[in-house]
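**Q** Going by this note's numbering, the sequence shown opens with residue 60, and the numbers climb by one from there.
All clues stand as given, with none of them false.
Label pairs and their computed distance ranges (CB to CB): (1) T314 to G146: 47 to 55 Å; (2) G235 to M194: 29 to 37 Å; (3) F197 to R366: 28 to 36 Å.
Bear in mind the hints are in silico, worked out from the structure with no lab data behind them. Keep in mind that this is a model prediction, so the values were computed, not measured. Where a beta carbon is used, it is the ideal one built from N, C-alpha and C, also for glycine.
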Amino acid sequence: MKRILPLLLLLIPAALDLLSGNGLSLPGKEVFWQLRLPRMAAALLCGGAMGIAGAQMQALFRNPLADPHLMGISGGAGLGASLAAIGLGAGVSASTGTGALVASAFAGALVGSAIIVGVSLKVRSTATLLLCGVMLGFVCSALGSIAQYSAGEESLKLYYSWLSGSFATVGTRGLGILAFALAAGFIMALADASRLDLVLFGDEFAASAGVSMRGIRLRTMLSTSIMAGAVTAFCGPVGFVGLAAPHLARRIAGTSVHRQVLPSSMLTGAGLALFADAAAHIGTHPIPVGSTMALVGIPLVIILLWRQRL
60 MKRILPLLLL LIPAALDLLS GNGLSLPGKE VFWQLRLPRM AAALLCGGAM GIAGAQMQAL
120 FRNPLADPHL MGISGGAGLG ASLAAIGLGA GVSASTGTGA LVASAFAGAL VGSAIIVGVS
180 LKVRSTATLL LCGVMLGFVC SALGSIAQYS AGEESLKLYY SWLSGSFATV GTRGLGILAF
240 ALAAGFIMAL ADASRLDLVL FGDEFAASAG VSMRGIRLRT MLSTSIMAGA VTAFCGPVGF
300 VGLAAPHLAR RIAGTSVHRQ VLPSSMLTGA GLALFADAAA HIGTHPIPVG STMALVGIPL
360 VIILLWRQRL
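Please put together the full structure from these sequences, using the hints given.
**A** As structure tokens, this is what we get:
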């Protein structure tokens, strides 16, 4: 039953997401194929990727509050988007501006990921790696804030629209990239599942059991960077799914064994993202999905942590 429960949790928000949204100006079939189905696919891929990345981060750092956004990847994407906002001139079309902003955000996420992966090869302490990621995020955020002062009004509107988060503007190419990122990240994570189990007992214990801490840090940073970088670039810095999904997955699976936790985190993350997107489109005017994710994710994490007495 515990293995079936994540699938049931996924089906309910999927049905809600397909039925939600206004889209009243289009015929029924066009609403389904052109709006709701692509949006649902983006939510599935985004939530699944962030759920896996969150489970990896919480295991590597042995911290229940660890999240993919802590490592500076979102900060790099935000800085890239800010720089794109400066380069976009007045009168730019929404489609052209959004495409340029997403491309620049993706490049920024890749640069941030490369820095973190490079740092993981140099440092010996997992805590130091986490601190470096947090500091990188602060630096990127500060530079991005400075860059926004040079952007035009129309460019800033596009930037803040991206910053709010959305699954509706991903596009076919974006869905392909997100699917590749999810598949690559999941395969890499599952290959290290048994090693992540040992890391939960501490770096020294894992090293004595034959785990290369340098290798596990590198592979984990690489896989989480691929997934979080793609998600942030195309969907915006949507948070709390990577934080909440692993906790819910462990409760559902009834174990901390990562060969079960990782697939469960992927499914619960996808379900949370679908539910948040459906909630964002209940009214006549959609609200930012990042806001609904926070409203869904924060209470859930607090309840789960409280029940675990953490």
